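Undergrad: Sequences and hints are given; from them, build the entire structure.
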Amino acid sequence: MLEKGFISTVEFPDPRLSWAEGLVAVGGVPDVGTLYHAYRRGIFPWPQEGVPMLWFCPEERGVLFFEELHVPRRLKSAMKDSGLRFSMNEAFEQVIHACRHQVRPGQAGTWILPEIEEAYRRFHQAGFAHSFEAWRGDRLVGGLYGVLVEGAFSGESMFHTETDASKKVLLHAIEHLQNEGHEWMDTQMVTPVVASFGGRLIPKSEYLRLLKERQQRSQS
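If you want our numbering, it's the 1-based position in the sequence shown plus 2.
Worth flagging that the hints you see were computed from the coordinates, not collected in a lab.
One should not assume that every hint holds.
Claimed, not checked - Listed below are the simulated DMTMM-like cross-link pairs for lysine to aspartate or glutamate, each with C-alpha atoms no more than 20 Å apart in a straight line:
1. K78 / E164
2. K206 / E23
3. K206 / E185
4. K214 / E182
5. K82 / D140
6. K78 / E177
7. K82 / D16
8. K214 / D16
9. K78 / D166
Since the model is a prediction, treat every value here as computed from it, not as a measurement.
TA: In structure tokens, the structure reads:
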């Protein structure tokens, strides 16, 4: 399959036709072409050690609609911290590496395996993966990375070494996306942090409709 010069190692099916838990394909490698074709269809990788690459489009999708954004009062006050500096794409490799090693309560491991870290590093070099950073002086204290393919942004992971730094970075990313004309971001799942900002699950059919509309608008 050739589209915009990218070749996929997986012939992805219609994402509406999935197996258990939203699994749509098995195998292939997460190179630039394959990731591009996956994301443009609303599909994302979720690898597990010891098995071929797994690709998903779940029956319910986490989405954060910016018009429904809720910012807790305490965080609004914390955003006035003049000691923080925000940036974009200044430290992608540092951000994804920190996300991989972030300790998360209730989780024994991470889906960001070494091959995934390298895959998204290449995706960043190709212009599709982006990072948002929070700095305290020259220290990276929080970050978020995600994917922007054909006008739709998918948030992938966050980290922090300072209280609320990842939440502040998320607000910074949302402000940037809004300025670029985005009305929502894909969060794939709804974590407690995403839920605290107003994120919610929507049916796969609704998500795919929003995705198509966003792609059409980005091409006009």
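Undergrad: Run every hint past the structure and note whether it holds.
TA: Okay, the hints, checked on the actual structure:
1. K78 / E164: 16 Å, holds
2. K206 / E23: 12 Å, holds
3. K206 / E185: Satisfied, since the Cα-Cα distance of roughly 18 Å is no more than 20 Å.
4. K214 / E182: 18 Å, holds
5. K82 / D140: 19 Å, holds
6. K78 / E177: Within the cut-off at roughly 14 Å; holds.
7. K82 / D16: 45 Å, violated
8. K214 / D16: 13 Å, holds
9. K78 / D166: 11 Å, holds
The structure is inconsistent with hint 7 alone, although it conforms to all the rest.
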